[in-house]
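Protein chains: 2
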Amino acid sequence: MIHVSMVVTGLGRVGGAFIRLLEEKADFCRLRFGLDLELHAAICRDGGLFSHKRHGLTGLGALSRGEVRTHPAWNAGLTLSEALSILDRGVLVECTPTDLRTGEPGLGYIQAALHAGWHVAAASKGALVLRYRELFDKAAERGVRIKCSGATAAALPTLDTATVALAGAEITAIDGILTGTTNHILGRMEAGMSFDEALREAQDKGIAEPDPALDIDGGDSACKILLIANSACGTELGLGDLPVTGIRGVTKADLDQASSQGKKLKLLGRLIRRDEAYKAEVGVFPVEPSHPLYHVDGTNKGIVFFTDTMGHVAVTGGKSDPRGTAAALLKDIINIYR
Amino acid sequence: MIHVSMVVTGLGRVGGAFIRLLEEKADFCRLRFGLDLELHAAICRDGGLFSHKRHGLTGLGALSRGEVRTHPAWNAGLTLSEALSILDRGVLVECTPTDLRTGEPGLGYIQAALHAGWHVAAASKGALVLRYRELFDKAAERGVRIKCSGATAAALPTLDTATVALAGAEITAIDGILTGTTNHILGRMEAGMSFDEALREAQDKGIAEPDPALDIDGGDSACKILLIANSACGTELGLGDLPVTGIRGVTKADLDQASSQGKKLKLLGRLIRRDEAYKAEVGVFPVEPSHPLYHVDGTNKGIVFFTDTMGHVAVTGGKSDPRGTAAALLKDIINIYR
Numbered sequence: 000m001i002h003v004s005m006v007v008t009g010l011g012r013v014g015g016a017f018i019r020l021l022e023e024k025a026d027f028c029r030l031r032f033g034l035d036l037e038l039h040a041a042i043c044r045d046g047g048l049f050s051h052k053r054h055g056l057t058g059l060g061a062l063s064r065g066e067v068r069t070h071p072a073w074n075a076g077l078t079l080s081e082a083l084s085i086l087d088r089g090v091l092v093e094c095t096p097t098d099l100r101t102g103e104p105g106l107g108y109i110q111a112a113l114h115a116g117w118h119v120a121a122a123s124k125g126a127l128v129l130r131y132r133e134l135f136d137k138a139a140e141r142g143v144r145i146k147c148s149g150a151t152a153a154a155l156p157t158l159d160t161a162t163v164a165l166a167g168a169e170i171t172a173i174d175g176i177l178t179g180t181t182n183h184i185l186g187r188m189e190a191g192m193s194f195d196e197a198l199r200e201a202q203d204k205g206i207a208e209p210d211p212a213l214d215i216d217g218g219d220s221a222c223k224i225l226l227i228a229n230s231a232c233g234t235e236l237g238l239g240d241l242p243v244t245g246i247r248g249v250t251k252a253d254l255d256q257a258s259s260q261g262k263k264l265k266l267l268g269r270l271i272r273r274d275e276a277y278k279a280e281v282g283v284f285p286v287e288p289s290h291p292l293y294h295v296d297g298t299n300k301g302i303v304f305f306t307d308t309m310g311h312v313a314v315t316g317g318k319s320d321p322r323g324t325a326a327a328l329l330k331d332i333i334n335i336y337r
Numbered sequence: 000m001i002h003v004s005m006v007v008t009g010l011g012r013v014g015g016a017f018i019r020l021l022e023e024k025a026d027f028c029r030l031r032f033g034l035d036l037e038l039h040a041a042i043c044r045d046g047g048l049f050s051h052k053r054h055g056l057t058g059l060g061a062l063s064r065g066e067v068r069t070h071p072a073w074n075a076g077l078t079l080s081e082a083l084s085i086l087d088r089g090v091l092v093e094c095t096p097t098d099l100r101t102g103e104p105g106l107g108y109i110q111a112a113l114h115a116g117w118h119v120a121a122a123s124k125g126a127l128v129l130r131y132r133e134l135f136d137k138a139a140e141r142g143v144r145i146k147c148s149g150a151t152a153a154a155l156p157t158l159d160t161a162t163v164a165l166a167g168a169e170i171t172a173i174d175g176i177l178t179g180t181t182n183h184i185l186g187r188m189e190a191g192m193s194f195d196e197a198l199r200e201a202q203d204k205g206i207a208e209p210d211p212a213l214d215i216d217g218g219d220s221a222c223k224i225l226l227i228a229n230s231a232c233g234t235e236l237g238l239g240d241l242p243v244t245g246i247r248g249v250t251k252a253d254l255d256q257a258s259s260q261g262k263k264l265k266l267l268g269r270l271i272r273r274d275e276a277y278k279a280e281v282g283v284f285p286v287e288p289s290h291p292l293y294h295v296d297g298t299n300k301g302i303v304f305f306t307d308t309m310g311h312v313a314v315t316g317g318k319s320d321p322r323g324t325a326a327a328l329l330k331d332i333i334n335i336y337r
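First to last, the protein sequences are chains A and B.
With numbering that gives the first Met the number 0, letter number 330 in the first sequence gets 329, and the count goes up by one each step, no holes.
With numbering that gives the first Met the number 0, letter number 109 in the second sequence gets 108, and the count goes up by one each step, no holes.
Worth flagging that the hints you see were computed from the coordinates, not collected in a lab.
All the given hints hold, so there is nothing to weed out.
In the SDA-like style, the derived pairs of lysine to any residue whose C-alpha atoms are separated by at most 25 Å in a straight line are: (1) A:Lys262 to A:Gly191; (2) B:Lys137 to B:Gly107; (3) A:Lys137 to B:Gly33; (4) B:Lys137 to A:Met0; (5) A:Lys262 to B:Lys262.
Sample of chain A residues with no beta-carbon within 10 Å of chain B, all distances over it, derived: (6) His54; (7) Lys137; (8) Ala138; (9) Phe194; (10) Val243; (11) Val249; (12) Lys262; (13) Arg269; (14) Pro285.
Glycine residues also receive a C-beta, built at the ideal position from the N, C-alpha and C atoms.
I would like the entire structure built from these sequences, with the hints used as guidance.
Written out as structure tokens, the structure reads:
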């Protein structure tokens, strides 16, 4: 049995879902993988829960966000670095919200973890997108790994497919529907709604965020295609390197024109190799019925890799909710220790 | 740089394609993965090519089957065990034809490799299907690995998806179109051909084997779903444990009935978990438009995993020809050493 110390940063929807999943899957991970996954700290801005005991913090799954600060294990002002300095090395599970301007608070957390020789499984995108090379170099130097399935389309296995399932093949192009929200909205517009109506409906249903800009304007898809390209194709793309257009400008006339040619409009994150160099972009493209993503409708996501030796391989589906993201984090942790 | 000794058994279409792919990908594997993949022997029934030199056998890619026995490196009567006894440990690349009665000659080759402490990447199914538990136990005992992506739908990443991309999720069901040949024939029958006409056309086009029984009668799909289930779900299924029906009995009336309900008929390898136990079967099932495999047509293959935490994840595409199988073998070797 391998004992794995874990610290979660961020106690929002994803962090909470991860803690609940961990309790649900503890026995399964022991039996199937020989892994004893022990949560020792759960940190947020003003402190954290901490337990040095064998098996760590337990019974947190049912805790509401309000109850965290009155829990017996709560330490006001506890920082991640303090927690890491006491614990045996393990995995930081980074679940804070994505900030594409500063990368914080995830950036500071990831840097502290790498400095302490901890592996990182990240669901937040900001730090990885802004400081990709620096953070992965640091991880290599410290002999630890950064995994970010949870940041690259949650339970849709984009990175594992690109780096494990297609190992040895060269990726010549990628097309990805990487955001369920925009795919849903485009589908509703195809059915006759205006953009504003479709967006409002998606917000009412909890599909779109209250501030939907990151999805709607393509920024979320840009982060994902960038992280996938950098991980799988050896690129060192930053957000400034790819043109990004969202779905705000899509009109009924655009949809009708695509439809008259038998096509659908999809917001795609794209990567294309030309003359040994890769170019990425995010935009709305017409997709033909023979394209593997043509039938990916509603809030579903999908990605297709075109390769030199394996033909094309498409992956579709995978839950996008906090539980799906938590499952992607758990998967990364298991694969780090296998 | 890690030096990896390799021996190929079987010099047919898959073995030949693997040797050619290896020459094409040598530099890429050095640069991307730090792996120096060195082919030292290529063995068939009556002898083999052998070179103990650094970098091993080179320039074999262009060799026709007839030229093998007049090559300067040819050793009449050379056996795998002899070759393994001289070489540093590495990977056996098992490319002989599948024999579901005896498992030979692959079985003897795999046993010899495990005995000598070599890893195995297999494209043949017979030995693994007939002696699954015994061979994987032996590998565990010797501290080596058996990988069989090439035996489980070639470049369609069935096993990597199940075991890596979905790690930590519990698979509640699997549906797979695991044989391109039968999918193609059913599609042609939908378009109006009789079974015999569609089979003959597939044989004329090189899609179906001259002896198509293994595909047509479901045996090939049975081997694949069995290996996927045993690898991913911890089952210990043998061929006697699953009912297998092929496509020979499908009639125009069956197809018309499915079509009248908006469905298509597909030959599926299936696994279902009920009451903590898994049941596998192979047969022709009606598939609805909302099913992730409904649009997998022609010679394409696909597999969908239904899980407890990640929703469903479908993978489609992936080349089925010898080059696609060779790419799956290369992928397994890379992943063994990462």
